[in-house]
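Asker: Given next are the chains, with one letter for each unit.
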Amino acid sequence: MSDRALQDLVLRALSDAPFRASSEWRHRALADPALLERFARFLARHFYYERIVHFFKYSRALARVTGRPPEVVLRSPTFDALLPAIVLGSRESAAAVADVAVAHVSSGRRDGIPYLGELLTYERAMMVAEAGPRVWHDDDLEGAGSKEQYAPETVEGTVLVNLAHDLPAVLPKLLESWTEVPPCPERPTTLLIARSRHGRVAVARADAAIATVVELADGRTTLVDLAREAGLRPAELEATLAGLTELGAVRFGTGS
Amino acid sequence: MHEGARTDVGPLSRSLKVGAFYNPHLGAELVRAEGIDHLAMADPPAPNDPHWPAIKARYTLLLHDYLGQLSEPLDERSIQRARSLAEQYRTPWVAEHFQCLHTEDGRYNINYVFPPLYTEEFLRRFAANAKALQARLDQPLVMENIPGFFDVKASQMPEPEWLRRFFDATEVGFLLDLPHVWLEAHYRRQQPRAWLAEFPLERVVELHVAGVEVDEDLQGPWIAPSEPSDEMLDFMAHAVAQCPQARAVTFDAFSPSLRAEVLFRSVERIRQAL
Numbered sequence: 001m002s003d004r005a006l007q008d009l010v011l012r013a014l015s016d017a018p019f020r021a022s023s024e025w026r027h028r029a030l031a032d033p034a035l036l037e038r039f040a041r042f043l044a045r046h047f048y049y050e051r052i053v054h055f056f057k058y059s060r061a062l063a064r065v066t067g068r069p070p071e072v073v074l075r076s077p078t079f080d081a082l083l084p085a086i087v088l089g090s091r092e093s094a095a096a097v098a099d100v101a102v103a104h105v106s107s108g109r110r111d112g113i114p115y116l117g118e119l120l121t122y123e124r125a126m127m128v129a130e131a132g133p134r135v136w137h138d139d140d141l142e143g144a145g146s147k148e149q150y151a152p153e154t155v156e157g158t159v160l161v162n163l164a165h166d167l168p169a170v171l172p173k174l175l176e177s178w179t180e181v182p183p184c185p186e187r188p189t190t191l192l193i194a195r196s197r198h199g200r201v202a203v204a205r206a207d208a209a210i211a212t213v214v215e216l217a218d219g220r221t222t223l224v225d226l227a228r229e230a231g232l233r234p235a236e237l238e239a240t241l242a243g244l245t246e247l248g249a250v251r252f253g254t255g256s
Numbered sequence: 001m002h003e004g005a006r007t008d009v010g011p012l013s014r015s016l017k018v019g020a021f022y023n024p025h026l027g028a029e030l031v032r033a034e035g036i037d038h039l040a041m042a043d044p045p046a047p048n049d050p051h052w053p054a055i056k057a058r059y060t061l062l063l064h065d066y067l068g069q070l071s072e073p074l075d076e077r078s079i080q081r082a083r084s085l086a087e088q089y090r091t092p093w094v095a096e097h098f099q100c101l102h103t104e105d106g107r108y109n110i111n112y113v114f115p116p117l118y119t120e121e122f123l124r125r126f127a128a129n130a131k132a133l134q135a136r137l138d139q140p141l142v143m144e145n146i147p148g149f150f151d152v153k154a155s156q157m158p159e160p161e162w163l164r165r166f167f168d169a170t171e172v173g174f175l176l177d178l179p180h181v182w183l184e185a186h187y188r189r190q191q192p193r194a195w196l197a198e199f200p201l202e203r204v205v206e207l208h209v210a211g212v213e214v215d216e217d218l219q220g221p222w223i224a225p226s227e228p229s230d231e232m233l234d235f236m237a238h239a240v241a242q243c244p245q246a247r248a249v250t251f252d253a254f255s256p257s258l259r260a261e262v263l264f265r266s267v268e269r270i271r272q273a274l
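Chains as they are written, first to last, in my numbering: chain A, 1 to 256; chain B, 1 to 274.
Bear in mind the hints are in silico, worked out from the structure with no lab data behind them. Please note that the accuracy of each hint is not assured.
[As the list claims (entries may be wrong)] Facing chain B, from chain A, some residues (calculated, C-beta under 10 Å): (1) L30; (2) F39; (3) R75; (4) P77; (5) L88; (6) R134; (7) D138; (8) H198.
Where a beta carbon is used, it is the ideal one built from N, C-alpha and C, also for glycine.
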């Protein structure tokens, strides 16, 4: 085994609690188990602190009303109970940690924040979308080729969030200084949340045509069928797919 | 004054400069601040940062972003990003870390600085990739030491020896993080000054200084966005005297929880201790 592969084992042990507990890892005896466990727990708290502070920044801004800063859950028994199963960067762990934050904020005061539940749904979706393996080197990208011959496919982790409030209208205001909680217009809104190969999470408003393309793009549905179902002309579908690909919501398969 | 002849580290000026990290939430205070010579940039400025134009106009800026881990060659996109940031900041040097924090396949990422195994293979990797990066930059590259909380038995040599051989092979500069050295000495049960003496101090261009605090998970001290203790400042004064090429000392705290008074008092105390 190369030294690089050994380093990867250590990184996996620090990231992946079930692996850390496995005989496969323990038999290697590469590091003091107690010290490694301490550092892994330190890393887990740091890893999710950064993500909660970033993705739950709007409910953080509302904490003086709710009385529930989301990041405090990282020093709670509920979070500690997750640690034996945590795999840093996995969608399952991101969802589990986000659920703890959502439950904590939801238990606070909600007076004057009728959209708090939807805000938490949105923030949770953003945090989960960010999880998963990412491309660190452009050399790792799939080879370029003619995309037109392949059917588009919605990327795993891409989600559509249907809301009764127009959250994008209020989000910037929540981060400004305010005395009264900023109101949010009641207006049916669909948001598309996706992540690029490099791990950048993006959100965009989605109309019915975009939602149809995202829901139907499975790597088999043809461009002709997608255009018909979404009610788009070929040029409109091409532009829509270009935008969705840029966001990381859709990719073109390899044809295999 | 600390002047050296071996490494050309650019035009930061001849005297030892004292600075801090740019913390965007303290932008308004930093625009008005006195006594800060430079700001290190850990992240690019946000597009809507109202203080950025004044910060950029006023300060010498040091590029200290995550450019990539040099256990692998940086790809063209990362190199162009580094070049673009260096040009935007007009940085006198470009900093990276001796770190290997994600697996080669990208599946696992601990999202926190973590050292490589100190082996011949990693030495070859880091030296080759640092030289390749240096060749694509218009500014000198400096590399920062990273602390290990535990030893990995696969390492083949002590960290200072590995670093010395790296710097001899590459001629890049050394960004000496003193709390990292102090923490390693603590966990190795050594005297910080004795451990520090093992490092290639003649290569040091910049020093980082910060506080340490007890962490509950680690059950011991670790890096924290807090004021350096008097002991750490004494350690810094001792270290600076051993670093003939040092050009700058930076208060190494970058966190949303950092308070303005901590940053300003730390910079002032660093200056007084030098």
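Asker: If a hint holds in the structure, say so; if it does not, say that too.
Answerer: How the hints compare with the structure:
1. Among the interface hints, the one on A/L30 holds; its C-beta lies about 5 Å from the nearest C-beta in chain B, closer than the 10 Å criterion.
2. Hint status for A/F39: holds, given a least beta-carbon distance of 5 Å to chain B, under 10 Å.
3. Look at A/R75: its Cβ gets to within about 8 Å of chain B, closer than 10 Å, so that hint holds up.
4. The restraint placing A/P77 at the interface with chain B is violated, with a minimum CB-CB distance near 13 Å, outside the 10 Å limit.
5. Proximity of A/L88 to chain B holds as hinted, the smallest CB-CB distance being about 6 Å (cut-off 10 Å).
6. A hinted interface residue such as A/R134 counts as satisfied when its beta carbon comes closer than 10 Å to some beta carbon of chain B; here the least separation is about 6 Å, so the hint holds.
7. With a cut of 10 Å, the hint placing A/D138 at the interface with chain B holds, because the nearest CB-to-CB distance is about 5 Å.
8. The beta carbon of A/H198 comes within 8 Å of a beta carbon in chain B, closer than 10 Å, and the hint placing it at the interface holds.
Consistency with the previously given hints fails for number 4 only.
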